[in-house]
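J.: Residue numbers (our numbering), protein chains in the order written: chain Z, 1 to 130; chain G, 1 to 216.
Where hints are given, some of them may not hold.
Covered, in the sense of this in silico footprint (three residues per stretch, anywhere, with C-beta under 8 Å from a C-beta of chain G), are these stretches of chain Z [what the hints assert, rightly or not]:
#1 4 to 12
#2 17 to 30
#3 55 to 63
#4 66 to 74
Read the hints as simulated data drawn from the structure, not as lab findings.
Built from N, CA and C at the ideal position, the CB exists for glycine as well.
Next come the chains, spelled out residue by residue.
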Amino acid sequence: MDDRIAALARRVQDDPFFLASALKGYARSEGLDERGLAAALSCPIETLVKLALCRRPRPAPPVFREDVDRIATRFGVRADALAEIVRHADALAGMRRGDADERGLLMAARDRDEPTAADATDRQTTDEPR
Amino acid sequence: MAIVPGVPPPANEGRAIWERLCADDPTATLDLAAGYLDSLSDWLIRRNPRLHPHDCVTAAEDAILAVAKNPSTYQPELQTLSAYLRISASGDLKNILHSERRHAVRRVDLEAVELSPKLGKYLWDQEADPATVLERDDEESLALAMARALPKGVQEGLNAVDARVLELMGSGERKTAAYAHVLGLDDRPLEVQRREVKRVKDRLKKRLERARDGDG
Chain Z
1 MDDRIAALAR
11 RVQDDPFFLA
21 SALKGYARSE
31 GLDERGLAAA
41 LSCPIETLVK
51 LALCRRPRPA
61 PPVFREDVDR
71 IATRFGVRAD
81 ALAEIVRHAD
91 ALAGMRRGDA
101 DERGLLMAAR
111 DRDEPTAADA
121 TDRQTTDEPR
Chain G
1 MAIVPGVPPP
11 ANEGRAIWER
21 LCADDPTATL
31 DLAAGYLDSL
41 SDWLIRRNPR
51 LHPHDCVTAA
61 EDAILAVAKN
71 PSTYQPELQT
81 LSAYLRISAS
91 GDLKNILHSE
101 RRHAVRRVDL
111 EAVELSPKLG
121 KYLWDQEADP
131 ATVLERDDEE
141 SLALAMARAL
151 PKGVQEGLNA
161 VDARVLELMG
171 SGERKTAAYA
181 HVLGLDDRPL
191 EVQRREVKRV
201 KDRLKKRLER
211 ARDGDG
């Protein structure tokens, strides 16, 4: 793989459409470098770029396994390890979304519960005798 | 698939990659990128020697990612995948340059002296000005918009000759002879060729404009 392909693989690391995002999420959570990630998949480091530019397996169970097997067969990686990596990354992404939703709810609740300085000013103005 | 660096895959291989994309083969996105990124980037760099190569590579990436994610935007009946990607990447390059132009305009407030109209002539190569580059190829932008925005019903109404003319417009071809050849006018006088070529190109442009109006 040439430099441009490697650069493109880096570019799509945060794009959930591509497998690169799952590989990155898993490696980060497990504290793995490229060598460690390649070892987890039982493949050469050079294969990681090719994997990164594959579409991320579709999440629905019947097609998930089909996609994983297709990728694993093509590049000679361990299908069970690849499936685990993607599921792990999916779970991490789900937790991040959950955290964000929770933070959003808390902030919304705080907005309702805690009056702002402007509210206080408004109240003072309203309370003043006419 | 045998990948030859700098050379796009043959049309039939391009079509096969596209069919795999449509069939949700998860490895097809890699083959699309591996097959076209180099040749598309090199083509844009050759065609835009005054622009920064990085912008050209980014535009090539954008075009490839767009097809990877939405393969149905490409209509194989109209042109080869390589031709479509060239048109798409040219449009993406324009978008990048427009964006850079906007950034440059914003910088005017902060760097008024450097970019002021009075001093600008000492600092800018007018031909290299992205704005100039952007304006110089209106036909290509029309063809790009046609390829991307024309409703399917209108696209289906195009005959093979129209599609080939659009492809030439999209590839930046300007020679009347190239269009005359497609239109079967090789043996006609030059004046007739020019008139007929203009008529066909105008008709296609109008068709695009009508389609845009209909969409909007």
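J.: Mind listing which of the numbered hints don't hold for this structure, in increasing order?
T.: none
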